[in-house]
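Chemist: Modelling step: build the complete structure from the supplied sequences, incorporating the hints.
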Amino acid sequence: MRIWMHELRLLLRARLALVALALLGTLSIAAVVAGSAEVDRQRDAIAVIAEPQESDIAAIAAWVDKSKDAGSAAYYSFHPTWDAPSPLAFAAIGMRDVAPFILRVRALGLEAQIYDGDIFNPELALPGRFDFAFLLVFLAPLFVIALFHDLVSGEREAGREPMLCALPGARRLWLRRVALRFAMLFLVLALPFTIAAIHSGAGAGAILLILAAAAAYLLFWIALALLVGRLGWSSVANAATLASCWLVLTLVLPTLAHVTINRAIPVGQGTEIALAQREKVNSAWEIPREETMRRFYATHPEWADSPPLGPEFHYKWYLAFHQVGDESVAGQVRAYRAGLERRDAAARTLGWVLPPVGLQALLTRLAETDLEAQLAYQDRIRDFHRHLREFYYGYLFTDRPFGQEDFARAPRFASP
Amino acid sequence: MSPTLLIARDELRLMRRNRVAVIAFVLLVLLTLTAAVTAWSHQQGIADLRQRHQTAADSAFDAQPNRHPHRVVHYGTFIFRPLGPLAAFDPGVDAFTGNSMFLEGHRQNTANFGDVRQSSLLIRFGQLTPAFVLQAVAPLLLIFLGYGAIARERERGTLRPLMLQGASRGQIVAGKLGGLGLVALLAGLPAMLGFVLIAGQPGAQVEPMAVIALGYGVYLALWAVLILLVSALVKRSRDALLALLALWAVLVVLLPRIAPDMAGAAVPLDNRLQTDIAVARDLRTMGGSHNPDDPHFARFKQAVLERYGVGRIEDLPVNYKGLLGMEGERLTSELFNRYAAESYDAQERQNGTVRAIGVLSPAMALRAMSMAAAGTDFAGHRRFLEQAEAYRYDLIQRLNRLQANAVIYADDTAQDPDADRRKRVAADYWQAMPDFTFRQPDGLTLAAAALPSLGVLILWLIAAGGGLLFATRRLGAR
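Chains as they are written, first to last, in my numbering: chain V, 1 to 416; chain B, 417 to 894.
Please note that a few of the clues may not be correct.
[Claimed, not checked] Distance condition first, Cα-Cα at most 30 Å in a straight line; then the derived DSBU-like pairs of lysine-lysine: (1) B:K651 <-> V:K280; (2) B:K651 <-> V:K68; (3) B:K717 <-> V:K68; (4) V:K280 <-> B:K717; (5) V:K66 <-> B:K651.
[Unchecked claim] Not close to chain B: a few residues of chain V, all C-beta gaps over 12 Å, as computed: (6) L10; (7) G154; (8) L175; (9) R177; (10) A298; (11) S306; (12) T398.
[To be verified] What the simulated footprint calls covered on chain B by chain V, stretch by stretch (three residues with Cβ under 8 Å from a Cβ of chain V suffice, anywhere in the stretch; the number is not a length): (13) 438-451; (14) 646-658; (15) 688-696; (16) 720-733; (17) 742-752.
These are computed hints drawn from the structure, not numbers from a lab.
Where a beta carbon is used, it is the ideal one built from N, C-alpha and C, also for glycine.
Modeler: As structure tokens, then:
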């Protein structure tokens with residue numbers, strides 16, 4: 001134990017090491033605070049949905065109550081959905097700053113609503129967020145380089161290496177120094193994260209997994225530093241070589257891969273869905289209304305015995321052609337989603353070769369802030385939208401009046 | 417040959433002998449060329465795709481059958497944001513904003529289908545463009561090549577002999593700076609070759625390109641000066657390297673990420689739910705055109721009747737429903753524009769905060785300058801959104817006017833089986849509606865927007881130059 005304390009004193013006496021560790025600690029706390037602040041802001045935004053939403057619906061209800069028209073209720077009522085951040089979202093904001101976490105939908109065609117975004121400042125999103133994932137993936141390796149580039153070469157340049165190597169247990173000495181530097185880095189990185197993660201109620205399994213991944217990531221960079229160190233170059237050459245490796249692994253290769261993936265897997269369907277759905281929906285005004293109803297009843301047989309349409313406008317036809325429009329682009333929607341998933345899968349595969357990419361993928365997965373989480377939210381919206389439609393169908397297809405009290409009966413979005 | 421030139425030549429010879437340095441330099445050139453070519457072809461691909469979609473959307477609009485004008489108000493139209501020629505050099509926020517918009521009556525939709533939500537997580541690692549290479553990678557190469565320029569001489573004790581041989585301090589530093597400066601110039605050259613490609617594009621503007629070339633020149637010169645400065649101040653070359661790497665990490669990687677978080681916290685932004693509900697609430701107090709017994713519209717009706725000198729809307733020479741539509745659209749659009757302007761202004765304030773923090777980081781100043789000159793910053797996106805809204809308003813009002821003038825009120829309110837046919841107007845009207853064309857700002861506007869950030873860069877260069885002068889005078893002193 002004494003010898004460990006001695007090594008620790010030695011390490012902390014080096015100004016560079018001390019400054020580096022202090023800086024990393026400060027950044028680590030700052031990253032966790034910044035991530036938590038962003039997640040708190042999102043939680044607060046979700047928490048205050050209810051009040052304005054209720055007054056909005058109340059105003060619509062007061063007006064619709066005069067006509068008791070379920071169609072007007074369906075047309076004018078927007079229903080909120082939201083995607084609450086997971087306990088670990090603070091560690092990796094992922095896509096949550098550019099994809100909406102609150103979306104209001106109504107019972108009309110969902111394909112014209114579900115791709116809408118929220119208001120965000122693109123210039124703020126462009127450089128990426130300052131969160132724990134950024135600290136770990138991008139900055140931590142630089143600190144590894146600062147602490148490890150001269151581990152052996154520094155002693156050689158000071159003329160102590162032959163002596164140290166001649167001592168009994170020289171291997172253990174180097175091991176001790178590596179272990180100590182690693183432990184200090186890991187501690188400074190992991191402590192603020194772990195405290196915040198426990199505080200926000202994350203599961204022990206996920207926390208341990210992230211800590212293990214962080215340790216493995218640090219060890220990867222340490223191994224790289226030791227490998228370069230074995231070449232017997234000067235400390236300066238080691239630092240330059242390691243910094244180049246960092247540049248290539250964290251910036252150059254991922255950006256190159258991004259271009260390649262987007263080129264290899266084109267995803268153009270988004271716009272095409274929007275165009276096709278709108279064409280289908282609007283064409284309903286050009287064809288006999290019965291044709292639309294026939295198509296609608298084919299997929300919704302439970303309403304097929306609804307009374308036939310009269311000459312005047314009826315909202316059940318309006319909602320039916322919106323639904324038929326959605327169904328007509330189902331194939332494109334699947335293709336679009338598959339394209340997004342293939343792009344994502346390609347990046348994840350790359351993560352097995354490029355540790356920074358792999359770690360980022362793992363962190364955003366555990367934090368549920370990746371594409372998969374986005375698509376899961378969209379699935380919940382689709383589910384909710386179906387309930388919503390069925391709710392209004394229940395009034396429209398049986399010509400039941402829709403009064404003020406019926407607004408409270410509308411399905412409410414439930415977060416998992 | 418003057419001592420300055422000799423020293424510069426010697427410095428370059430040393431770099432040439434350093435195999436790692438040569439490899440790094442070649443890699444940088446290759447990377448820039450790759451970036452230029454991919455960014456160029458990516459931009460072309462996007463431009464083609466958007467053009468194709470725009471053509472499809474326009475012809476779908478024109479191909480509509482005989483329709484009631486209000487149907488067309490809801491049918492709406494799709495528009496796509498075209499890319500300026502300089503987006504190939506610096507795409508800025510293009511990937512982070514939606515690039516297509518659905519324009520319809522009574523609603524202001526968001527721009528959708530941005531690349532950031534359609535790409536893998538790799539997009540958040542940065543984008544390989546000539547701008548990125550020059551902003552982030554080129555300074556790092558200069559650091560590797562130049563950190564030891566003076567520190568090395570001092571460490572090896574060759575600085576004093578050099579001075580004893582008659583080279584003044586100024587000549588030594590100038591020579592070293594000249595050598596590194598030449599490398600910086602060479603490093604920037606491939607990106608400028610990409611520029612020449614862009615210059616041949618239709619619509620390429622001279623002023624923003626000149627500002628961009630000047631800005632990147634100042635930026636690389638600044639790094640050369642900073643590197644020499646640190647190399648002159650620090651005792652050992654290893655310390656110089658570590659200090660410069662730390663400086664690079666803070667200025668290029670860390671600050672650009674921290675600043676947006678601070679700006680976001682300082683200036684909160686209303687989300688869409690809040691804005692939509694607020695618009696709906698205000699609309700209810702102003703009056704809704706879909707609500708016939710609204711007080712505002714009662715007054716409007718009275719005014720219309722008086723203007724035409726008739727007692728009943730049935731006696732009006734125009735279709736009252738069209739007029740009603742115009743008035744409703746005017747009210748909603750006013751509200752939309754007010755809330756949108758508030759949101760845009762809040763975002764401008766956020767960006768102002770980032771730029772204020774950016775005074776601390778030349779990389780941030782350069783980024784702001786580059787995007788502004790390329791027209792790919794937030795202001796460029798805002799230009800698109802505002803032009804889109806102006807176009808939307810004009811189109812919807814044309815359709816409402818068409819309803820007022822070409823659809824007879826009695827037909828419009830009729831319910832008989834043939835009424836649907838009589839309500840429709842001829843399809844030629846749709847072809848006569850103007851298509852959306854995005855007006856790029858002129859070159860001077862773009863260049864002017866980039867000037868403040870260019871000023872920050874120049875101030876940095878002056879300050880670093882002053883520091884280097886000071887350090888030069890103390891060179892070799894103990």
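Chemist: Now look at each hint and say whether the structure bears it out.
Modeler: So, going through the hints one by one against the coordinates:
1. For the proposed pair K651 (chain B) and K280 (chain V), the alpha carbon gap of about 73 Å is over 30 Å, so the pair is violated.
2. A C-alpha spacing of about 84 Å is found between K651 (chain B) and K68 (chain V), which places the hinted pair above 30 Å, so the restraint is violated.
3. Between K717 (chain B) and K68 (chain V) the CA atoms are separated by roughly 26 Å; this keeps the pair inside 30 Å, and the hint holds.
4. For the hint linking K280 (chain V) to K717 (chain B), the alpha-carbon distance of about 36 Å lies beyond 30 Å, and the restraint is violated.
5. Simply put, K66 (chain V) and K651 (chain B) have alpha-carbon atoms about 85 Å apart, too far for the 30 Å limit, and the pair is violated.
6. The claim that L10 (chain V) is not at the interface with chain B holds, since no C-beta of that chain comes within 12 Å of its own (minimum 18 Å).
7. At roughly 9 Å from the closest C-beta of chain B, the C-beta of G154 (chain V) falls inside 12 Å, breaking its exclusion from the interface.
8. Annotated as non-interface, L175 (chain V) keeps its C-beta farther than 12 Å from every C-beta of chain B; the closest such distance is 24 Å.
9. Taking the minimum C-beta to C-beta distance to chain B, about 18 Å, the non-interface status of R177 (chain V) holds against the 12 Å cut.
10. With a cut of 12 Å on Cβ distances, A298 (chain V) stays outside the contact zone with chain B, its closest approach being about 25 Å.
11. The beta carbon of S306 (chain V) is kept farther than 12 Å from every beta carbon of chain B, the shortest such distance being approximately 21 Å.
12. Taking the minimum C-beta to C-beta distance to chain B, about 23 Å, the non-interface status of T398 (chain V) holds against the 12 Å cut.
13. Residue count for the segment 438-451 of chain B with a Cβ under 8 Å from a Cβ of chain V: 3. That meets the three needed, and the coverage hint holds.
14. As drawn, the segment 646-658 of chain B meets chain V at 4 residues by the rule of a beta-carbon pair under 8 Å; at three or more, the given contact holds.
15. Residues of the segment 688-696 of chain B lying with their CB closer than 8 Å to a CB of chain V number 8, which satisfies the three-residue condition for coverage.
16. Judged by the Cβ-Cβ criterion of 8 Å, the segment 720-733 of chain B is not covered by chain V as claimed, because only 0 of its residues qualify and three are needed.
17. For the segment 742-752 of chain B, the stated coverage by chain V is violated: 0 residues have a C-beta nearer than 8 Å to a C-beta of that chain, whereas at least 3 were required.
In summary, the structure is inconsistent with hints 1, 2, 4, 5, 7, 16 and 17 from the numbered list given earlier, while agreeing with the others.
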